[in-house]
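Based on the provided sequences and hints, a complete structural model is requested.
Here's the letter readout for the chains.
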Amino acid sequence: MKLLKQLKYSLLKVIDLSGLTFLAPIVRLCYGEEPKVQLQKIGQWILVPIAGVCAFLFLWHITSGSIQTKSGTLPNPVETWQGYNAIDTQAEREGLKKTSYELVGEERDQMLADAEDRLAEVKVQVAETNAAVTAAKEAVDAQTKELIAPLDKEYKELKSQYKAASKARKAVLVTDADSLKAGNVAEYNAYYEKVEESVVKTAQEKEELSILKKKIDKIREIKSPEVAKALLEQTFAAEEAQYLSKQIELLSDRNRAVQVETATGMISTYNEEFLSLTGKAAYDKARSIAKAKERLSKMESSSYAQPATIWYQVKRSIFCVFTGFIIGTAIAVPIGILCGLNSTFMAAMTPFIAIFKPVSPIVWLPIALIIVSGLIPDPDNNPLMLFLWDLPLIGEYKINPAFIASAVTVALCSLWATLANTALGVASIDKDHMNVARVLKLGFFARLFKIVIPSALPLIFAGLRISLGVGWMVLIAAELLSSSEGIGKFVWDQFNNGASDSLAKMMVVVFLVGIIGLILDRIMIVFQRMVTFEGSVSV
Amino acid sequence: MKAHTLKQHVGSLSLAAGMAMTSFVAAEQLDVEKSELKFGFIKLTDCAPIVIAKEKGFFEDEGLQVDVVAQPNWKTLLDNVISGDLDGAHMLSGQPLAATIGFGTKAHIITAFTMDLNGNGITVSNNIWEQMQANDEKLDSDTPPHPITADSLKPIVEEKLEDGEKLQMGMVFPTSTHNYELRYWLAAAGINPGMYTKSDVGGRTDAQVELSVTPPPMMPATLESGNIQGYCVGEPWNQQAVSKGIGVPVTTNYDIWKNNPEKVFGVSKSWADENPQTYLAVTKALIRAGKWLDAADESGKLVNREEAARILSRSDYVGADYDVIKNSMTGYFYFQKTDKREMPEFNVFFKDHATYPWYSDGIWFLTQMRRWGQISEPKSKDWYYETAKSVYKPEVYLAAAKLLLEDGHVEKAEIPWDADGFKAPTKDFIDGVEYNGKEPIKYLNSHTIGNKDPEA
Numbered sequence: 001m002k003l004l005k006q007l008k009y010s011l012l013k014v015i016d017l018s019g020l021t022f023l024a025p026i027v028r029l030c031y032g033e034e035p036k037v038q039l040q041k042i043g044q045w046i047l048v049p050i051a052g053v054c055a056f057l058f059l060w061h062i063t064s065g066s067i068q069t070k071s072g073t074l075p076n077p078v079e080t081w082q083g084y085n086a087i088d089t090q091a092e093r094e095g096l097k098k099t100s101y102e103l104v105g106e107e108r109d110q111m112l113a114d115a116e117d118r119l120a121e122v123k124v125q126v127a128e129t130n131a132a133v134t135a136a137k138e139a140v141d142a143q144t145k146e147l148i149a150p151l152d153k154e155y156k157e158l159k160s161q162y163k164a165a166s167k168a169r170k171a172v173l174v175t176d177a178d179s180l181k182a183g184n185v186a187e188y189n190a191y192y193e194k195v196e197e198s199v200v201k202t203a204q205e206k207e208e209l210s211i212l213k214k215k216i217d218k219i220r221e222i223k224s225p226e227v228a229k230a231l232l233e234q235t236f237a238a239e240e241a242q243y244l245s246k247q248i249e250l251l252s253d254r255n256r257a258v259q260v261e262t263a264t265g266m267i268s269t270y271n272e273e274f275l276s277l278t279g280k281a282a283y284d285k286a287r288s289i290a291k292a293k294e295r296l297s298k299m300e301s302s303s304y305a306q307p308a309t310i311w312y313q314v315k316r317s318i319f320c321v322f323t324g325f326i327i328g329t330a331i332a333v334p335i336g337i338l339c340g341l342n343s344t345f346m347a348a349m350t351p352f353i354a355i356f357k358p359v360s361p362i363v364w365l366p367i368a369l370i371i372v373s374g375l376i377p378d379p380d381n382n383p384l385m386l387f388l389w390d391l392p393l394i395g396e397y398k399i400n401p402a403f404i405a406s407a408v409t410v411a412l413c414s415l416w417a418t419l420a421n422t423a424l425g426v427a428s429i430d431k432d433h434m435n436v437a438r439v440l441k442l443g444f445f446a447r448l449f450k451i452v453i454p455s456a457l458p459l460i461f462a463g464l465r466i467s468l469g470v471g472w473m474v475l476i477a478a479e480l481l482s483s484s485e486g487i488g489k490f491v492w493d494q495f496n497n498g499a500s501d502s503l504a505k506m507m508v509v510v511f512l513v514g515i516i517g518l519i520l521d522r523i524m525i526v527f528q529r530m531v532t533f534e535g536s537v538s539v
Numbered sequence: 001m002k003a004h005t006l007k008q009h010v011g012s013l014s015l016a017a018g019m020a021m022t023s024f025v026a027a028e029q030l031d032v033e034k035s036e037l038k039f040g041f042i043k044l045t046d047c048a049p050i051v052i053a054k055e056k057g058f059f060e061d062e063g064l065q066v067d068v069v070a071q072p073n074w075k076t077l078l079d080n081v082i083s084g085d086l087d088g089a090h091m092l093s094g095q096p097l098a099a100t101i102g103f104g105t106k107a108h109i110i111t112a113f114t115m116d117l118n119g120n121g122i123t124v125s126n127n128i129w130e131q132m133q134a135n136d137e138k139l140d141s142d143t144p145p146h147p148i149t150a151d152s153l154k155p156i157v158e159e160k161l162e163d164g165e166k167l168q169m170g171m172v173f174p175t176s177t178h179n180y181e182l183r184y185w186l187a188a189a190g191i192n193p194g195m196y197t198k199s200d201v202g203g204r205t206d207a208q209v210e211l212s213v214t215p216p217p218m219m220p221a222t223l224e225s226g227n228i229q230g231y232c233v234g235e236p237w238n239q240q241a242v243s244k245g246i247g248v249p250v251t252t253n254y255d256i257w258k259n260n261p262e263k264v265f266g267v268s269k270s271w272a273d274e275n276p277q278t279y280l281a282v283t284k285a286l287i288r289a290g291k292w293l294d295a296a297d298e299s300g301k302l303v304n305r306e307e308a309a310r311i312l313s314r315s316d317y318v319g320a321d322y323d324v325i326k327n328s329m330t331g332y333f334y335f336q337k338t339d340k341r342e343m344p345e346f347n348v349f350f351k352d353h354a355t356y357p358w359y360s361d362g363i364w365f366l367t368q369m370r371r372w373g374q375i376s377e378p379k380s381k382d383w384y385y386e387t388a389k390s391v392y393k394p395e396v397y398l399a400a401a402k403l404l405l406e407d408g409h410v411e412k413a414e415i416p417w418d419a420d421g422f423k424a425p426t427k428d429f430i431d432g433v434e435y436n437g438k439e440p441i442k443y444l445n446s447h448t449i450g451n452k453d454p455e456a
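Residue numbers (our numbering), protein chains in the order written: chain A, 1 to 539; chain B, 1 to 456.
Some hints here could point you the wrong way.
The calculated lysine-lysine pairs, modelled on DSS-like cross-linking and capped at a C-alpha distance of 25 Å, are [as the list claims (entries may be wrong)]:
#  : chain 1 : residue 1 : chain 2 : residue 2
1  : A       : Lys-218   : B       : Lys-38
2  : B       : Lys-154   : A       : Lys-315
3  : B       : Lys-340   : A       : Lys-223
4  : A       : Lys-137   : B       : Lys-337
5  : B       : Lys-138   : A       : Lys-214
6  : B       : Lys-340   : B       : Lys-244
7  : A       : Lys-229   : B       : Lys-38
8  : B       : Lys-34    : A       : Lys-246
9  : A       : Lys-293   : B       : Lys-244
10 : B       : Lys-138   : A       : Lys-298
Quick look at which bits of chain A chain B covers, simulated, 3 or more residues with Cβ under 8 Å [claimed, not checked]:
#  : segment
11 : 51-59
12 : 215-223
13 : 246-258
14 : 286-299
15 : 377-389
Computed, partial: chain A to chain B, Cβ under 8 Å [what the hints assert, rightly or not]:
#  : residue
16 : Ser-179
17 : Gly-183
18 : Ser-303
19 : Val-372
20 : Ser-373
21 : Asn-400
22 : Asn-497
Don't read these hints as lab results, they were simulated from the structure.
Cβ coordinates follow ideal geometry from the N, Cα and C atoms, glycine included.
Structural data, given as structure tokens:
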């Protein structure tokens, strides 16, 4: 019983620490503690938010159809989910291609057989969907033609009628002009009015025609949902077919093991031939063998050139934001402490802080990019880059100048919150603590690490939390501009694609970025609570 | 179950047969200095040779693992090639020349492979199109006669000038084919598109129509927002304007200059010097990709283009809808929703010796740079020859072609083995002016608008 109670308190403590306080009523309810109150809390903090999300999804679903853009309507939740699936499928397929390239033995045979079976099925689908697309297009074309035919007829008739009318008017007016008597102002005025009237009339007719034309154009521009659906299905099938035939290639002829085996076989044939040769021929053969061996060793270590998938981009973005965040923190915390300790130093720093703080990432990025690529002119042969590429874990993210420039931009934009909070935290340390330090005659560093930093930590972490949030927002923009591989580049690529599902894919990114931002924030909250203690300076 | 194992046996048997074949190919592989490469491209259909060489395994046949990465704009692409972040890239024909002579970023860039001919269009907004139709009755039809010149645009430009405004048009890069083509089209109708001077690097001095740079994929959006009233860009961004109903392509560069060179595959000279065998291997793969793209059956139907369009429509390549890319790739072009035309040569990737790096093509771009003042001083005829020779590398192309001929991947007639690097003089321009690559100064002086030089 005691154990259970202990469990309850440690659970509640964890919940409190992680900031997931909405879970607390559930725990308490399980222990039967004031069920009525707990139920009410659950209603308020769990059910109401769920209802809110549902209401949002519903509103989104019904309104999105009416927001018309030139790229189609705003995607609804279902289409966004399909967009997510498309992104994820692509990532998965790229992963499988890589695996296929490296796969050996029976597993490879199995996968090859599966892929061939599947390809046969998909090929049927491709044919079916192609037919469906043609049929849908023909149906819509016929329908459009039918709708347009009367309008078009009207337009053409009106056009020739107006053209004739305007021509006739012109002819009449020109003949009238012949009978004008020079000097007769009234007559001239009357004539002028007639001409003006005719001009206005022509303009009116033109307007009428253009309205009609717009009507026709509008009918032509209508996007038929049937055709869109057929095209979507066609794309699904055709893309899978294409992927499968590539995979089959990678499992058979272009498989690494197969290629290595071929090369090994060739070297042994060469070896046999070599043993029976003399003179120049022997030299040539030996040279070929040496070269073939070199190629073989390269082949053995080769890896499939895999394009960046969304999950790789997400990981790289998170890595980049933390790199920038760490750089920013390393600058902000020491300066912040000095500002807090010494008001003269603070006064000296204020103008810089005030000027640099509002500068937008869009301004920092090109500057950072130029400076960083100036410092690292040839990344392929730069010792620092090569060192970073060889590191475990980090190596696969291929840190390049664009990455560093993005990280520096994140640092420059996000360090201000940490700096200000650190300065505030240090400046507002209880005077008694400092007096005690003075009485004990603590040295500068002892004072710094025993008193100043510990008491300022809660505020420093409050600042770090804001900084990380700002950094995450800034990073997406920075990546978009620097085309450093990451979520920002993904969004930009989608925008540039301008395909019918690009908008849906961009909507997916909204949620992706939001959720990752939320998780980062939660992590910082946990840290913040861990360093906060009774009686410390609180936010 | 039994059937399955049997199938596996058959599978491995056919594998063994495959091995025997690949062993032959492997024997022909070059000793590449660098086997893992990264190439850049801009989201345009004419990046196809690079994408196809990767997806159809032509790079792999050369022992290369290539990563193909989309670049946000031409400037970044060039900078990345210069910095070494990219090993090579899909470039505008003018880019290697301009970089080598130091207009813009200076760096020695070379090319041994022309990626394609034609493939651009000039699109105007719906509003301008209506006014053009009002100015020229012939255009007021669902299927107006082509080529459409800028004559019907001229009154609109003049009217705007009287109101103190200048028509704004977009192109993709100061040294892009599009800039020169748009200028050519405007100037052919007597509209001054503006001159570059030492102090005016935007090229707007004396302009009647102002041209500005917008990255290709942004063109439709910029047109829609009203910042520009027309643009010149590669595919699929003209067809996109039609399919979204925001503009009307009035002409293609096929009409401005029939079979004009468009993109090249550029690498930095230092990279090529360090990796000569790799460069040769890459060129081999690209030539094969070009040939694959232009493969046709007896009736002249391009047999691989639908597959190519499907590959290009993947979101990590061009990414536009398959339906949109397919139009121009399979030899059709929509001028309006009602005006679909057959243009089998809208994109030429291989035939008629298209992939050979002709000096005369390079010289044409140099004459245009001089014509519009990007080259600020008069240059001698020899300078044009020398510059073209330092950038265009037919020797690498021919070496690669020779290896392909030995492997049986190309036929003898498909490569201009004995060419001196100059195409025959041609009058296939919208204004009928003759271009002879051997006489750059004479050509320069045959235009009404633009710089003229004394013949030395």
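Status of the Asn-400/A interface restraint (C-beta, 8 Å, chain B)
Result: holds, 6 Å to nearest chain B Cβ.
If you draw a straight line from the CA of Lys-229/A to the CA of Lys-38/B, is it 25 Å or shorter?
Answer violated: Lys-229/A to Lys-38/B is near 36 Å, above 25 Å.
Regarding the pair Lys-138/B and Lys-214/A, is the alpha-carbon distance no greater than 25 Å?
holds, 20 Å
Using the nearest Cβ pair, does Asn-497/A come within less than 8 Å of chain B?
holds, 3 Å
Restraint check for Lys-293/A with Lys-244/B, where alpha carbons must lie at most 25 Å apart
violated, 56 Å
Holds or violated: is there a CB of chain B closer than 8 Å to the CB of Ser-373/A?
Holds, because the Cβ-Cβ distance from Ser-373/A to chain B comes to roughly 6 Å (cut-off 8 Å).
Lys-340/B and Lys-244/B: Cα distance at most 25 Å?
Distance ~15 Å between Lys-340/B and Lys-244/B Cα, so the pair holds.
Quick one, are Lys-138/B and Lys-298/A close enough, alpha carbons at most 25 Å?
violated, 64 Å
Hint validation: Ser-303/A versus chain B, beta carbon distance must be below 8 Å. Holds or violated?
holds, 7 Å
Check the hint pairing Lys-340/B with Lys-223/A against an upper bound of 25 Å on the C-alpha distance.
At roughly 18 Å apart (the allowed maximum being 25 Å), Lys-223/A and Lys-340/B satisfy the hint.
Can you take a look at whether the segment 215-223 of chain A is actually covered by chain B? Rule is 3+ residues, C-beta closer than 8 Å.
n = 3 at 8 Å, threshold three: holds.
Would you check the hint for Lys-137/A and Lys-337/B, treating anything up to 25 Å between C-alpha atoms as holding?
Answer holds: Lys-137/A to Lys-337/B is near 14 Å, not above 25 Å.
When the structure is compared with the earlier hints, violations turn up for hints 1, 2, 7, 9, 10, 11, 16, 17, 19 and for no others.
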